[in-house]
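Peer 1: Sequence:
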Amino acid sequence: MIAAKSQVALGRRAPVRGQRVIAAASARPTWLPGLNPPAHLKGALAGDNGFDPLGLGQDEGRLKWYAEAEKTNGRWAMMAVTGILGQELLGVTPAWWEAGAKEYDIPAQALTPIEFIVMGFLEIKRYQGFKQTGTSGFINSFPFDPAGMNSPSMATKEVKNGRLAMVAFIGFCVQALATRTQPIEGLTAHLGDPFGKNITYYLTHLPETLGSA
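So the sequence shown is residues 1258 to 1470, counted in my numbering.
All clues given are correct.
Here are the simulated lysine-lysine pairs, DSSO-like style, with alpha carbons at most 30 Å apart: (1) 1328 <-> 1417; (2) 1382 <-> 1321; (3) 1299 <-> 1388; (4) 1328 <-> 1414; (5) 1388 <-> 1328; (6) 1414 <-> 1388; (7) 1299 <-> 1321; (8) 1321 <-> 1414; (9) 1299 <-> 1328; (10) 1417 <-> 1388.
Please keep in mind that the hints were generated in silico from the structure rather than gathered at the bench.
Kindly generate the complete structure, drawing on both the sequences and the hints.
Peer 2: In structure tokens, the structure reads:
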């Protein structure tokens, strides 16, 4: 009775006997509305929507590194998706999945060790800088923000765009394998003949497509 009166005094209705009291869900957005996020995901990281079904982030030290790895992969995916679409729009040949077999001005035997040295140096500097500062950077600049756009809002947008790009890149790979078409080419073919060029058509013609590769 005293508890009920105190709640009334505070402007809150006391729960009626037999009425279920539902715990308030997390105020921050989650990947599934109304879901309580895992205890180790506190919303402090950019893009943290409480998704960790395998519990990989329970170790705080590893969680920060996983978030950094996700960001790095997302950045590569954003560049890849932009390059694939740009290459097709500009009419550059061959198709993106065949570009690795093309002959370039620098032979692969010379290019490979150069890439190992350059990328190895950059990755070592990135890892050292992250261990010291906990932020992303480039060589000795941590954080790397030449445009002055670093903010919590932009960090979240970067993670979301990176995730979308990673999904898009996987889609491009599957499309190239199953249809031997580029993204815009496949979309145009489907829009021109939606009942003829669709997932059913490509799945039923998959042996022919793979055999012609």
